[in-house]
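Construct the entire structure; sequences and hints are all you get.
Here are the chains, one letter per residue:
Number of protein chains: 2
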Amino acid sequence: MPTTVGAIGIGIMGEPMARNLLRAEFTVFVHSRTRATTDRLCGEGAQWRDSAAVLARSCEFIISMVNDSPDVEAVYLAENGVCAGLSRGALCIDMSTVSPDTARKVARAVEACGGRFLDAPVSGGKTGAEAGKLSIMVGGDAADVARAKPIFDALGKATVHCGPVGNGQLTKLCNQILCGLNLLAVSEAIVFAKQVGLDPKVMLEAVRGGAAASWALDNLGTRMLTGDFAPMFMIDLQQKDLRITLEAALARRVPLPGTALVSQLLAANQAAGEGREGTQALIKTIERLAAMNR
Amino acid sequence: MPTTVGAIGIGIMGEPMARNLLRAEFTVFVHSRTRATTDRLCGEGAQWRDSAAVLARSCEFIISMVNDSPDVEAVYLAENGVCAGLSRGALCIDMSTVSPDTARKVARAVEACGGRFLDAPVSGGKTGAEAGKLSIMVGGDAADVARAKPIFDALGKATVHCGPVGNGQLTKLCNQILCGLNLLAVSEAIVFAKQVGLDPKVMLEAVRGGAAASWALDNLGTRMLTGDFAPMFMIDLQQKDLRITLEAALARRVPLPGTALVSQLLAANQAAGEGREGTQALIKTIERLAAMNR
Chain A
1 MPTTVGAIGI GIMGEPMARN LLRAEFTVFV HSRTRATTDR LCGEGAQWRD
51 SAAVLARSCE FIISMVNDSP DVEAVYLAEN GVCAGLSRGA LCIDMSTVSP
101 DTARKVARAV EACGGRFLDA PVSGGKTGAE AGKLSIMVGG DAADVARAKP
151 IFDALGKATV HCGPVGNGQL TKLCNQILCG LNLLAVSEAI VFAKQVGLDP
201 KVMLEAVRGG AAASWALDNL GTRMLTGDFA PMFMIDLQQK DLRITLEAAL
251 ARRVPLPGTA LVSQLLAANQ AAGEGREGTQ ALIKTIERLA AMNR
Chain E
1001 MPTTVGAIGI GIMGEPMARN LLRAEFTVFV HSRTRATTDR LCGEGAQWRD
1051 SAAVLARSCE FIISMVNDSP DVEAVYLAEN GVCAGLSRGA LCIDMSTVSP
1101 DTARKVARAV EACGGRFLDA PVSGGKTGAE AGKLSIMVGG DAADVARAKP
1151 IFDALGKATV HCGPVGNGQL TKLCNQILCG LNLLAVSEAI VFAKQVGLDP
1201 KVMLEAVRGG AAASWALDNL GTRMLTGDFA PMFMIDLQQK DLRITLEAAL
1251 ARRVPLPGTA LVSQLLAANQ AAGEGREGTQ ALIKTIERLA AMNR
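Heads up: the sequence lines are chains A and E, in that order.
By this note's numbering, the letter at position 241 of the first sequence is numbered 241, and the numbering carries on one by one without gaps.
By this note's numbering, the letter at position 271 of the second sequence is numbered 1271, and the numbering carries on one by one without gaps.
Errors might be hidden in some of the hints.
As the list claims (entries may be wrong) - Derived lysine-lysine pairs resembling DSS-like cross-links, with alpha carbons at most 25 angstroms apart:
1. K1133/E - K1149/E
2. K284/A - K201/A
3. K1157/E - K1126/E
4. K240/A - K1194/E
5. K1284/E - K1201/E
6. K284/A - K240/A
7. K201/A - K1157/E
8. K126/A - K240/A
9. K149/A - K105/A
10. K201/A - K1149/E
11. K1240/E - K1126/E
12. K133/A - K149/A
13. K133/A - K1201/E
14. K149/A - K1201/E
15. K157/A - K133/A
16. K194/A - K1105/E
17. K1149/E - K1126/E
18. K1284/E - K1240/E
19. K1133/E - K1157/E
20. K126/A - K149/A
21. K194/A - K1240/E
22. K1240/E - K1133/E
23. K1284/E - K1126/E
24. K105/A - K240/A
25. K1194/E - K105/A
26. K126/A - K157/A
27. K157/A - K1201/E
28. K1105/E - K1149/E
29. K284/A - K126/A
30. K1133/E - K201/A
FYI, nobody ran anything at the bench for these hints, they're computed from the structure.
Okay, here's the thing in structure tokens:
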């Protein structure tokens, strides 16, 4: 009998991830806040379930991919949540990016109901999810990580076990520190290039092969030049991740001056109504600062 | 008859670059502030010249690789400088990182003496220079860039013509904006990882294949973890480059908040006597900030 997987949260990331599970021939059940978002997947073989609890009853594995810590708590702990329907020994994998404290709290509740829990946030965005090439950062017990391997292999190209529950999220926060500052680097370099009269496309070509190289330069730099601000990853979600990062940093008294600056500048994008654009729209804030100086 | 190249400034970068010119079977003449720094090269076939002017007399090409704008002005414009000995039609290539204004000023002087000039700063550091794999950003006339191709091919893996004289330097400043902020990204991510109890080595492994990827993460991150602060590129020189960048930005009224922050934090390294360490020592400043918070 094929393995049963329940996918909760069918959005920009959750939909292509569930599709890759179907392709890998898992039996896939889906639940999401808005049923219509699951229509395409149900046309491809997924089966709708009316609540997380009902979904949980049919599934050996449950993966969740939602926006923020309160959403994850609701998915697992609400009256009709996963914990209300969990089968003994079922393995829950939260792939959302949320606070490490939320991961630990939900893990305790799942274990109290006889289930197992991994936190497994991802990097790679929409294109990585579609290609099944996500980087997956996992926290939890080694035996559970091994058991989830067929799932992770269907979704990602690299899975790294980072320690106990919560460490997947903490590693993802490191990822977001890096992404945020690499993004600011590209924004400042391109605005500077334009203002001093360089052709920014030639500049990118000249520097991308050396010590300035980054994923952000290759992927976001080109989008900034063509004015393509469609979200690979939304500013509102990056801000949510940076908020969690800065809260965790404050709790441990780690100063992150650069990360804090990135978050302040992205707040200016949000104030300008650009929260649902891709993170590459950070360049608009730097450009507005430059324009103010004139 | 083999082409004659004069190399002025034999330091961390200039020495391996001159060595690659010897390997490419150019006839190489050398001059440097301190004669002893050229001993190894002279043992390998280079010929010492007592001044830049004397060196210029024998050479079709002259490359200079010195520290800062006043050094370049001295090399070309001083009493015993290149301009005092320049052969008609000789092509001067300054590969130092200096201000775009200096590049333009020296170019005018060289042209007034019947020579040609390119500004061609590089990226890739000591290891790139040794391997002949520098990225070279060139400003000047296309005909001169074409003429210099055999030289550039011996020194680098990629040469991009960025526009008229000065544009090589401006492109290099973009490179340094990127390198500076990518470096801060790695420093903050590793300090955060350590303070929240992650194994920073596992963290690097988990994030390096995704959207957080950068040259800095791969090359400086690992050195930060092993405490290897030997210079690939010195903090004092990075600060010189950021000073030129921030001056050029101020002149054009381009705000670079992230780049300015990086420079301020590197100033704390300089205050701690770490100016001659590699740029990866920036992590020490972030660690000291974290320690102060305790």
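Evaluated hints:
no.	hint	result
1	K1133/E - K1149/E	holds (14 angstroms)
2	K284/A - K201/A	holds (17 angstroms)
3	K1157/E - K1126/E	holds (14 angstroms)
4	K240/A - K1194/E	holds (22 angstroms)
5	K1284/E - K1201/E	holds (17 angstroms)
6	K284/A - K240/A	holds (20 angstroms)
7	K201/A - K1157/E	holds (19 angstroms)
8	K126/A - K240/A	holds (17 angstroms)
9	K149/A - K105/A	holds (24 angstroms)
10	K201/A - K1149/E	holds (22 angstroms)
11	K1240/E - K1126/E	holds (17 angstroms)
12	K133/A - K149/A	holds (14 angstroms)
13	K133/A - K1201/E	holds (22 angstroms)
14	K149/A - K1201/E	holds (22 angstroms)
15	K157/A - K133/A	holds (5 angstroms)
16	K194/A - K1105/E	holds (22 angstroms)
17	K1149/E - K1126/E	holds (21 angstroms)
18	K1284/E - K1240/E	holds (20 angstroms)
19	K1133/E - K1157/E	holds (5 angstroms)
20	K126/A - K149/A	holds (21 angstroms)
21	K194/A - K1240/E	holds (22 angstroms)
22	K1240/E - K1133/E	holds (23 angstroms)
23	K1284/E - K1126/E	holds (22 angstroms)
24	K105/A - K240/A	holds (19 angstroms)
25	K1194/E - K105/A	holds (22 angstroms)
26	K126/A - K157/A	holds (14 angstroms)
27	K157/A - K1201/E	holds (19 angstroms)
28	K1105/E - K1149/E	holds (24 angstroms)
29	K284/A - K126/A	holds (22 angstroms)
30	K1133/E - K201/A	holds (22 angstroms)
Going through the hint list in order, the structure satisfies each hint without exception.
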